[in-house]
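Got chain A sorted already, so can you dock chains B and C onto it with the hints?
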Amino acid sequence: MRLTHIAAAGSALVFATACAGNGDGGDVDPGDAPEELTIWTMGGATEESEEFFEELRDEWSQDYPDTSLNVEYIPWDEAQDSITNALAGGDAPDVLEAGNDQVSNWAVQGAILDLDEYVADWDEAEDINQEAMDYGSYENTQYSVPLHLAVRTLIYRADWLEDLGHDAPETWDELVEVAEDIEDEHGVLGFGAPTDFTNGIASFIWSNGGEIATSEDGAEWEGQLTDPATVEAIEFYTDLTNDFSPVYTGENELIAQADLANGELGMYIDGNWAFDEIADQAEDPDMVDNLGAAPIPGVDGMAPAFAGGSNLTVFSTADDPDFAFELLSTWASKDMAATWAEYTGFFPAYPELLDEPQFQEDEVAQASAEQLENQRYFPATPNWTDADFEGKIIPGAVLDIADGDNAEERLAEANEELTEVLNQETD
Amino acid sequence: MSPRKALRSVGLYGAGVVVLIFAVFPVYWMAATAFRPQGEIFTREPTLFPTRITFDHFDRVLSGQLLPGVRFWDFLINSLIVTVGSTAMAAVFALMAAVAVARFKFRLRSAFIMLLMLIQMVPMEAIIISLFLNFRHLSDATGLELLGNLSGMLVVYLAVALPITIIMLRGFVAAVPPELEEAAAIDGASGWTIFWRILMPLVAPGLIAASIFAFITAWNEFIVALTFLGRSTEYYTLPLSLSYYFGRTGTEWGAIMAASTLLTLPVMLFFLFVQKRMVSGLTMGAVKG
Amino acid sequence: MAESTAPAATTRAERRPPAPLRLLSVIPTPYLLIAAPLIILSVVLLWPIIQMVWYSLSDYTLPDLARGDAPEWNNFEHYRQLLTDAEFWTIFRNTVLVVIAMVAGVLTLGTLVGLLLHKLPRWFSTVVATGMMLAWATPQISASLIYRWLFLPERGLVNYTLANFPEWLVGTRWGEFWTTFNWFLQPLSLFTILAMIIIWQGFPFVAVTVLAGLKSVPYELYEAARVDGASAWRQFWSITYPVLRPLFALLLVLQIIWNFRIFTQLYILAGGFQNRDVYLLSYYIYQQGFRDNPPDYGMGSALAVTMTILILIVSAYYLRMMIRQGETR
Chain A
1 MRLTHIAAAG
11 SALVFATACA
21 GNGDGGDVDP
31 GDAPEELTIW
41 TMGGATEESE
51 EFFEELRDEW
61 SQDYPDTSLN
71 VEYIPWDEAQ
81 DSITNALAGG
91 DAPDVLEAGN
101 DQVSNWAVQG
111 AILDLDEYVA
121 DWDEAEDINQ
131 EAMDYGSYEN
141 TQYSVPLHLA
151 VRTLIYRADW
161 LEDLGHDAPE
171 TWDELVEVAE
181 DIEDEHGVLG
191 FGAPTDFTNG
201 IASFIWSNGG
211 EIATSEDGAE
221 WEGQLTDPAT
231 VEAIEFYTDL
241 TNDFSPVYTG
251 ENELIAQADL
261 ANGELGMYID
271 GNWAFDEIAD
281 QAEDPDMVDN
291 LGAAPIPGVD
301 GMAPAFAGGS
311 NLTVFSTADD
321 PDFAFELLST
331 WASKDMAATW
341 AEYTGFFPAY
351 PELLDEPQFQ
361 EDEVAQASAE
371 QLENQRYFPA
381 TPNWTDADFE
391 GKIIPGAVLD
401 IADGDNAEER
411 LAEANEELTE
421 VLNQETD
Chain B
428 MSPRKALRSV
438 GLYGAGVVVL
448 IFAVFPVYWM
458 AATAFRPQGE
468 IFTREPTLFP
478 TRITFDHFDR
488 VLSGQLLPGV
498 RFWDFLINSL
508 IVTVGSTAMA
518 AVFALMAAVA
528 VARFKFRLRS
538 AFIMLLMLIQ
548 MVPMEAIIIS
558 LFLNFRHLSD
568 ATGLELLGNL
578 SGMLVVYLAV
588 ALPITIIMLR
598 GFVAAVPPEL
608 EEAAAIDGAS
618 GWTIFWRILM
628 PLVAPGLIAA
638 SIFAFITAWN
648 EFIVALTFLG
658 RSTEYYTLPL
668 SLSYYFGRTG
678 TEWGAIMAAS
688 TLLTLPVMLF
698 FLFVQKRMVS
708 GLTMGAVKG
Chain C
717 MAESTAPAAT
727 TRAERRPPAP
737 LRLLSVIPTP
747 YLLIAAPLII
757 LSVVLLWPII
767 QMVWYSLSDY
777 TLPDLARGDA
787 PEWNNFEHYR
797 QLLTDAEFWT
807 IFRNTVLVVI
817 AMVAGVLTLG
827 TLVGLLLHKL
837 PRWFSTVVAT
847 GMMLAWATPQ
857 ISASLIYRWL
867 FLPERGLVNY
877 TLANFPEWLV
887 GTRWGEFWTT
897 FNWFLQPLSL
907 FTILAMIIIW
917 QGFPFVAVTV
927 LAGLKSVPYE
937 LYEAARVDGA
947 SAWRQFWSIT
957 YPVLRPLFAL
967 LLVLQIIWNF
977 RIFTQLYILA
987 GGFQNRDVYL
997 LSYYIYQQGF
1007 RDNPPDYGMG
1017 SALAVTMTIL
1027 ILIVSAYYLR
1037 MMIRQGETR
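Residue numbers (this note's numbering), protein chains in the order written: chain A, 1 to 427; chain B, 428 to 716; chain C, 717 to 1045.
Only chain A is shown next, with the shape it has when bound in the complex (with noise of 0.2 Å):
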């Protein structure tokens, strides 16, 4: 992964030149610009990420040389905390990165602008995907500008499959296969199936033909958690848990991820991102050319995955909304985006350059390219991050039913508080 940066870091400079449309400042005075201006980026530091947002500081002061760039790294599972505590009057941000599912909440608590004027004035706005760009918007009005794509897919010890004379699996049936051979000759777990993971649970649902939520007209939704379907896929992922990762009960990816990292795991589902995220737990970094990447396998074949991706906000207290808005277009920008995809291994929320070499050679990126044709939604409300980061209806269900209960009940139950939560109002 470390080596294509280099290139890419060559590409991006070509996008430069060949876009030209950066630095055209439209409105804003630079002589106006604040002192400073804050980011909040999700995830943790990495070199790669520092090192780009050292590039867009180099960008960035080509036209506003007396703003610094401020930059925090918000983990994930503070984002929630975080910006919340920023609405309440504690620190905050002037440009926020956010999950596209949680736009929508953000802009019913009034924690983002509304962006419509500026996206409208904005020229790259049009050559970004539309779907995400809806995906970024609420009751029609702007509120965010994709910054990339982020899809999942299974991530694998390839030198290990590759002893054992295994492809990497594309359906249950051989994911099971694979994992109870490596536990078999590893002794080791063969799959980590965290409870707290939606994302990732997401996938076995849809894949066998079940659902979350559905709604008709996008306003009233029902909960799907009783479907035969879903039950079913529900009951395989905490068996999946139960034979496979038992000790990922209660847990989210992350302490997969470290498993991974130090030869405890043989696969889990994450995205080609966590590829870095891995390299700098492990013990030795270079275990990460050992790892693979392919789509997630679904009952029979891929699975779809859910389309996960990250948007660019202005945060409500921001100073500056001009300026601020003024920083978060030269991110989102077509140069800047195609290095920002680069270095964190995301994809660019523009169509065009997923055609671009960097991320069609790479066998991992192949995979994630793979599983973008794939791609599902969360329910499109601003209650879904209500149900899901506050209320964990889905993992809290998956738990119980991984700690013994029963899933037909208890995924009665959750379904009765999802459709509940999903259908109550917002101002």
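Fair warning: there could be bad hints in the mix.
[What the hints assert, rightly or not] Here are the in silico distance ranges between beta carbons for each label pair: (1) A:Gln62 to B:Gln492: 35 to 45 Å; (2) B:Phe482 to A:Ala282: 26 to 36 Å; (3) A:Glu416 to C:Arg950: 53 to 63 Å; (4) B:Phe476 to A:Glu425: 54 to 64 Å; (5) C:Thr896 to A:Asp63: 51 to 61 Å; (6) B:Pro604 to C:Arg942: 38 to 48 Å; (7) A:Glu416 to C:Ser758: 40 to 50 Å; (8) A:Pro351 to B:Gln492: 42 to 52 Å.
These are calculated hints, taken from the structure and not from any lab test.
All residues carry an ideal CB built from backbone N, CA and C; glycine is no exception.
Here is chains B and C on its own, set in the frame of chain A:
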């Protein structure tokens, strides 16, 4: 000694030993983890005793290697600022109020004492939301930043310390015989001389004990720090920093226990110091040490 | 209560009408002396208590705060919701049960240890008491982390010890079960550990208090009982308990108040809180006010008022005792 008596005595000693182990073992385990080599900690086969003693974990916590940019010393200084600051201010204000309550008869006296007792009964955990909002609104109204730094916390700790300190000191002030002061006054001593030479020496033990309660309470305080500081890690106090280490490093139990040991030590020393008064202080004050 | 340990709070001097003093010459008026504490307490603690009641009767959420909107009267809506909210009642019931278990545990163990200390020779009693001080003095946050570490699945000492019981004693599935058993996921096992922490930190205080009380019981009473051939059990219930009854009452009240307030320990033990069944009332308040999406200050305050009333009812007894002792005069 009859066999029966001997058996009884063995039983008593045995029970004493069991109690001792139950009480001390967790503290031992904290120290044992903090002082043992990394390889012996996060293992599937833990052993009761370290094979050797190491200061690595303390070193990593103190030098800030554990989490980049997070230094134990900064947390220690933050903790000292809020605890010493609030305790010292509480001592001064409480002494004045205790003199007023013990030596004067005035209209609002009973009401004031009732207020102290009532406020003491209301749990911090319950009022935490309105406490936070109160400081949010105060910040907005005054333009001072009272949240996200130590200032608001310090005021809260001061307020929490006041009732118990006043109530405790009142007894000490009242116990000083007024005759002593009158005698001194006849000898021509000024008010200040009487205060420093006669009142203070007799009240000092109470003042120290009450201050130590206040200190320990503030030193251990968690929920106010948690809600008031939010993400402002540079102002974290020690208890909050422990929770932060735990949340961010997860499995670094050697370092977490080392930090825990450092947090615990001063409290233990103070406890030995005020052992005798601890009971009376607690039963009077309903403040947990 | 303990004759030697109480400071001069209850001495005669206090009840005497305060004498006019020379001190007066430097301090103009008592009002000036109490001014600072009065202002601080009113602004910092009393006002929020009043506010809490008002918020609990209003619609007030984080977006309202962020927009600068004032709380809006909602005609007891939060309380009505609470009455019918199954989740609230589960948490309420759990809180009451857990508090009862903890109070019973602390008082029973503390009393037994107090009696034991009384029977032990002085030197050994001092050794045990000093050891207990360590448990007592450990800050809540440290104690919580120690127990979390002791009971960690796979690598914690307790699970390891349990898992390594000899197979002939416990069978083959036992070891596997305990290795991976996670105490922190389900209410019952989590509350067990929580109670253990509370008992561990709480019993020394009770033991030392009971010991001090025991020393004040006239020795002759026991002599007489022994002559009559009364058993130790009988002696406790016919002599010790009646004499120490006020002391036990006080300890009971204090323990209830303290244990209702438990927050830090639960915060550390339950980590990410995927299951609301592990909430206790004090955590629920925090969750509503700071973690909910969005934080609901109105509902959180309604919970807070509920908790405050519960505690005030319990402490009314304590307050009455203080008033009787003349503490408020």
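Status of the hints after comparison with the structure:
Checked against the given bound of 35 to 45 Å, the beta carbons of A:Gln62 and B:Gln492, roughly 37 Å apart, stay inside it. The given range of 26 to 36 Å is respected by B:Phe482 and A:Ala282, whose C-beta atoms sit roughly 27 Å from each other. Between A:Glu416 and C:Arg950, the C-beta spacing of about 56 Å keeps the proposed range 53 to 63 Å intact. A C-beta distance of roughly 60 Å is found between B:Phe476 and A:Glu425, which places it inside the suggested range of 54 to 64 Å.
The hinted range of 51 to 61 Å is satisfied by C:Thr896 and A:Asp63, whose Cβ atoms lie roughly 56 Å apart. Checking the proposed 38 to 48 Å range against B:Pro604 and C:Arg942 shows it holds: the Cβ atoms sit about 43 Å from each other. Distance hint for A:Glu416 and C:Ser758: a CB-CB separation of about 46 Å, consistent with the stated range 40 to 50 Å. Against the hinted window of 42 to 52 Å, the Cβ-Cβ separation of A:Pro351 and B:Gln492 comes to about 44 Å, which satisfies the hint.
When each numbered hint is compared with the structure, no violation occurs for any of them.
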